[in-house]
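**Q** Chains as they are written, first to last, in this note's numbering: chain C, 1 to 456; chain V, 1 to 215.
Derived by calculation from the structure, the hints in this document are not laboratory data.
Please note: incorrect hints may appear among the correct ones.
[Stated by the list, open to error] Have a look at the derived ranges for each label pair, beta carbon to beta carbon: (1) V:Arg64 / C:Asp20: 45 to 53 Å; (2) C:Gln9 / V:Glu74: 50 to 58 Å; (3) C:Glu33 / V:Gly139: 50 to 58 Å; (4) V:Lys112 / C:Arg124: 51 to 59 Å; (5) C:Gln174 / V:Thr200: 35 to 43 Å; (6) V:Ser44 / C:Arg86: 33 to 41 Å; (7) V:Asp213 / C:Gly434: 24 to 32 Å; (8) C:Gly67 / V:Ile4: 21 to 29 Å.
[What the hints assert, rightly or not] Derived PhoX-like pairs: lysine-lysine, alpha-carbon spacing no greater than 20 Å straight-line: (9) V:Lys12 / C:Lys235; (10) V:Lys124 / V:Lys12; (11) V:Lys124 / C:Lys187; (12) C:Lys237 / V:Lys17; (13) V:Lys158 / V:Lys136.
[Stated by the list, open to error] Which residues of chain V face chain C? A partial, calculated answer using Cβ under 8 Å: (14) Pro24; (15) Gly27; (16) Asn57; (17) Arg60; (18) Glu61; (19) Gly84; (20) Glu88; (21) Pro120; (22) Glu121; (23) Arg122; (24) Asn182; (25) Thr200; (26) Val205; (27) Lys207.
Since the model is a prediction, treat every value here as computed from it, not as a measurement.
We treat Cβ as the ideally placed atom computed from N, Cα and C, and that holds for glycine.
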Amino acid sequence: MRIMKACAQLGHDFICLCTDVDRECGHVDMARELGGDSCVYTISNYLDANEIFSVADHAQATAIHPGYGFFAEDFRFARRTMSRDRSMIFIGPSWWVIRELGDKINTKRIARSLGVPTIPGSDRPVYNELEAENIARNLFDFQAAQGIRDGMVLVKASAGGGGMGIEEVQDLDQFRSVFRRIRNYAKRNFNDEGVLIEQRIFDFNHLEVQVVSERGGRKHVHFGTRNCSVQSTGKQKRIEVAPGFAPGDLPYAFDAAKVLEDITHHSLTMAREVGYDNVGTWEWIVTPKGEPFLMEVNTRIQVENGVSAVISRVGGEFGVNIIKEQVRLGLGGELSYDQEDISFDGVGIEYRIIAENPDDRFSPCSGAITRFGWQEEDWLELSTQIPRNRVYEIPMEYDPNLALAIVWGESLEQAKERGIRFLDSVVLEGESGGSAAEFRTNIAYLRDRTANLLEF
Amino acid sequence: MLNIKELLEDIKANPYKEIVIKSPHTGAVEFADIKPGDKVRGRSGSYSEKPGTLLANLTREKNRKPINAPEKGEVVNIRTELEGKFVEAGEELLTIRHFLTRKEVIELILKKALHLFRAPERAKYYFIPEVDQKLKVSGKRSVKVQDGMEMLIVSRMKRETPLAYSGPEGIIYSVYFTRGDNVDAGEPLLGICPEDQLTTIQDVVAKVQSEWDEE
Chain C
1 MRIMKACAQL GHDFICLCTD VDRECGHVDM ARELGGDSCV YTISNYLDAN
51 EIFSVADHAQ ATAIHPGYGF FAEDFRFARR TMSRDRSMIF IGPSWWVIRE
101 LGDKINTKRI ARSLGVPTIP GSDRPVYNEL EAENIARNLF DFQAAQGIRD
151 GMVLVKASAG GGGMGIEEVQ DLDQFRSVFR RIRNYAKRNF NDEGVLIEQR
201 IFDFNHLEVQ VVSERGGRKH VHFGTRNCSV QSTGKQKRIE VAPGFAPGDL
251 PYAFDAAKVL EDITHHSLTM AREVGYDNVG TWEWIVTPKG EPFLMEVNTR
301 IQVENGVSAV ISRVGGEFGV NIIKEQVRLG LGGELSYDQE DISFDGVGIE
351 YRIIAENPDD RFSPCSGAIT RFGWQEEDWL ELSTQIPRNR VYEIPMEYDP
401 NLALAIVWGE SLEQAKERGI RFLDSVVLEG ESGGSAAEFR TNIAYLRDRT
451 ANLLEF
Chain V
1 MLNIKELLED IKANPYKEIV IKSPHTGAVE FADIKPGDKV RGRSGSYSEK
51 PGTLLANLTR EKNRKPINAP EKGEVVNIRT ELEGKFVEAG EELLTIRHFL
101 TRKEVIELIL KKALHLFRAP ERAKYYFIPE VDQKLKVSGK RSVKVQDGME
151 MLIVSRMKRE TPLAYSGPEG IIYSVYFTRG DNVDAGEPLL GICPEDQLTT
201 IQDVVAKVQS EWDEE
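Only chain V is shown next, with the shape it has when bound in the complex (with noise of 0.2 Å):
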């Protein structure tokens, strides 16, 4: 049975994630008015439709591109040398303070009470088209999952080998990988919720949402 008080109790000892904002790419960069100690918002919006604070633009190829902030925190540093230079892919820019949302938090704490399926290797992951499609139209606790069922798709050096899910039968309740990003190996991929459990993990988010505190 999970203690989620105690889980709560040591992230609120450090509650904090440091964000470090690269370059996404190659380009000449400009920072915008911010200085370390300025507080920044993230995306936000029903459909973060919003853009977070503007921290800089990188322009490339004559398309000025901003970047904002991800998450809302406070600017620690900034790469102030960089100013109107042009950078390479993966620079370090500036980093962000953040202070964990509820809903992070909430997912940390579903990560130990969820079934993980896990990565078996380092690969890059997708949905086949028919989970894909049924979780854009429904979402995604509408899929449910069951041992042997094919249901991702394992791209790694330029190959992509359907993958089964192994595991108890349940719905879908968090995806924990983003298209076109490597999945390191043991990772989680999908956390399954056994529908026997789902009252359980009701519990935890009403609990979490109860009890954490945003800044």
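Bound-form chain C, shown alone (with noise of 0.2 Å):
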């Protein structure tokens, strides 16, 4: 939705894509809306590479924006778009980019080359069991030696991304079969079987520096730092907040103004050695040492973009879109400011409103949304697919998102404040399985862990 507001203020005509799951979804409305009802086509599955290539054909599109999803971090989709013969332009970094920097292993050894910190574990994907429980019972091995009691390791699809794909591990008997299961699991969604061994690093921070480059990756900037650590046991981001901490407000037990000095350093240096020429997230995670570890580098626009962006100022100007940003630097714009020009002013919290149990395995909550309002307020920007004017049934093939709340404050102290009053002001019904009593979000959930943001 915030993708084709983008292309509305640009100037851009659009077309919008949707599965017959998703016909009722509120984008559909949108999209007729900002581009007449010509601009939605139908298609049977979102991950199907010909079919937004046939309609985008069929369109004449001259670009396509893939997304937040598998797509936009796929370089062979990527190189496709751009070498057919009805060829467009991919909006996101270029697929040699996506390419060197979407696998997290050869993303690992960039990092180490150029002395930038990450996770100990296998720097290769691992697709044979006997080596993979090598590595496991060697960082076991370790953990003990470091005086780890009940060491976990994290077993990772390695093509996967945005916290799909992995899982936790206790120990090697558990071990086999999470490794078969993930296996099977990147092989059906991503084709490849390889797999990632990692230490789990425990009572950790999840950091991210928001990197913006120019199309011939020759300037790059960045919009700062997000804290990405209240998330679901699945590891599905929950909360983030902007800036990654508030070492004015807070105290911590280590230098936290000179650890996202540092991550933003190097996020950057990466960016320069590999000529990273669009908008990218590098994924860090700080241990409460405050020692910085590289995790991944995310080679797309994040649906947590917008929390950077309301910190953000340009010249002093309010008002930063990176979304737009992207498009207009994808579509070969120039990045007319430089470091300098851009500041930070005050705190924002991103809340993710999803319909699931935070007290069961935050397992996903099925059935219909009979109603959904909050109160407006010019400190809050709010996104949803909720349909206002009609019962909403939540499609089982994707996940239960309902709506995305940014809201922003002078200091961390009122962002929380205002975050809770937006939270309790969020009116919001639904039924599952028949019954309003079954229905499930996790407002109660955003609203607990509100209290103790950026604490560490």
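Please assemble the complex out of the two chains, which come individually in their own frames, going by the hints.
**A** Given below as structure tokens:
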């Protein structure tokens, strides 16, 4: 929805895709409103590249925005967009950049070559079960030697992203079945069985650096840091806060300002090295001692870009829109400002409102939304695909995300207070299995977690 | 005890199934040389390797993909106004009236005889890798299941969780779901035959074989 709005603001015509189960989704309403009835096309599957290209050709599209999903990080899709007979512009980094950084293992290699700290673990995709077991055993032994009781390793699909295909393992017996499951999952979803095995670092904070680069990879800036430590048990983000720490407001056991400076420095160093040429996110974990480790690079715009935009000013001006920048730069526009022109003001909090039960391992809740409303404020931006004029059936095929709300405050305290005020104003009713009592959302969880944001 | 004769009579009263052929994906459609009333045949061959009658071609990304009849039957109507046009996914193209086969009738009746393990929720279902491999290598009747055995993976809203079988011990006799397709809550996933009822089930199959005349 934000991509369509950005296109409309930039004066570009667009078409919008939907699947059969998404026909009643609010993004279709918005597309018709902004682009007319003829701009909506029904396809069989968002992950079928042929569908996307076929519609693009029929509509004579000149560029493709891959959204926030798998295609956004699929170098083959990006390459095909650019190299087919009727080529189009891929709104994202060039395919060779995605290939370079899209593989978590290759990213680690590049990072290590530049002296950027990375998490201990395998440095190439593992396919063989015996080899995987050996790596896991070594990591368990290493943690035991470090005095870590009940050590853990993470098993990840090498080609995955966005928290998908990641599981924690506590012992070797469990490791075997999880390894097979993740390998199977990776094969089904990414067509690559490669698995990455890493040490699980406890009590860490998950930080991100928002990088924006010009086509050609010559000029790079960052739009600050985000803290994405509030996550579900499945490692899906629930609240994001910008900036990543609040050293002026909260005490830390380490020099938090220096950590933020270090990770932005490392991220830009890597962006320069690989010639990064669009919008991307460098993901970091920071240990309780303040040690940052690069986790991965997401070579795409992320859902949470808006929380960085809301605290950013270019030339002192409000209204930064990173998606708009992505489209503009993707089409060859110039990055007309430098890092010195970018400043930061206040604190942003992003809430992901989801139909799920946080008390039951964040299990998704199926059903229908019957009522959704909230108090409008000038410090609040809310995006939702839920139509306000009819009952909305949550599709089973996708994450049950319902809305994305971004709150801005002059200080952390004010942002938190406004966040609570917003959450208290939300009226969200629905039914699951025919019962209103069975319908679950994570609003109470978001409210609980607001109190301690950015504390470490 | 099942009254197979009565069940067969019920099915004989309405032995047809209307199959709506929809566009599987986007593309430009060209109908084959068919008209309402034409008989079409479905997939055939020992391994279903022979495609059914060509109904239409759908061209997308320079790939001309044939749309063949999935089952034998009679063409009821064709949307000729779509000829040569770009269609979206899911667009209805034509309808076939299909006379139920012996195998389909057996499956219908077996659904009443077997213990059905049903989908607890609308989702996509997969066998866990170990079971999947065994089914592929040795066939479905090679897998014995028992209460509490982890057997399936439930995939919904992009999350996967294991699902244990609950019900009487037995062998997998029928699998009602297809990989990648959604199954609604309450729909059968598996038909389980307790070992002591294997003879009854084989009797059902034999009876239908002898009493159902295919068109």
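**Q** Taking only the CA atoms, is the gap from Lys124 (chain V) to Lys187 (chain C) under or equal to 20 Å?
**A** Status holds; Cα separation ~17 Å.
**Q** Using 8 Å as the Cβ threshold, decide whether Glu61 (chain V) counts as touching chain C.
**A** 5 Å, holds
**Q** Within 35 to 43 Å or not, the Cβ separation of Gln174 (chain C) and Thr200 (chain V)?
**A** Given about 41 Å between the Cβ atoms, the range holds.
**Q** Per the CB criterion, is Lys207 (chain V) less than 8 Å away from chain C?
**A** Hint on Lys207 (chain V): violated, closest Cβ of chain C at ~39 Å, above 8 Å.
**Q** Can you verify the interface hint for Arg60 (chain V): is its Cβ closer than 8 Å to any Cβ in chain C?
**A** 4 Å, holds
**Q** Within a Cα-Cα threshold of 20 Å, do Lys158 (chain V) and Lys136 (chain V) meet the stated pairing?
**A** Violated, at roughly 25 Å.
**Q** Does Asn57 (chain V) meet its interface restraint, that is, does its C-beta lie within less than 8 Å of any C-beta in chain C?
**A** Constraint on Asn57 (chain V) not satisfied, violated at 14 Å.
**Q** Could you check if Pro120 (chain V) really has its C-beta closer than 8 Å to a C-beta on chain C?
**A** 11 Å, violated
**Q** Take a quick look at whether Lys237 (chain C) and Lys17 (chain V) sit within 20 Å of each other, Cα to Cα.
**A** Not satisfied, since the Cα-Cα distance of roughly 47 Å exceeds 20 Å.
**Q** Is the distance from the Cβ of Glu33 (chain C) to the Cβ of Gly139 (chain V) consistent with 50 to 58 Å?
**A** Because 54 Å falls inside the window, the suggested range holds.
**Q** Would the hint on Asn182 (chain V) stand, with a C-beta cut-off of 8 Å toward chain C?
**A** 6 Å, holds
**Q** Do the numbers back the hint for Thr200 (chain V), that is, is its least Cβ distance to chain C under 8 Å?
**A** 35 Å, violated
Hint compliance for this structure: hints 1, 7, 8, 9, 10, 12, 13, 16, 19, 21, 25, 26 and 27 are not met, and every other hint is.
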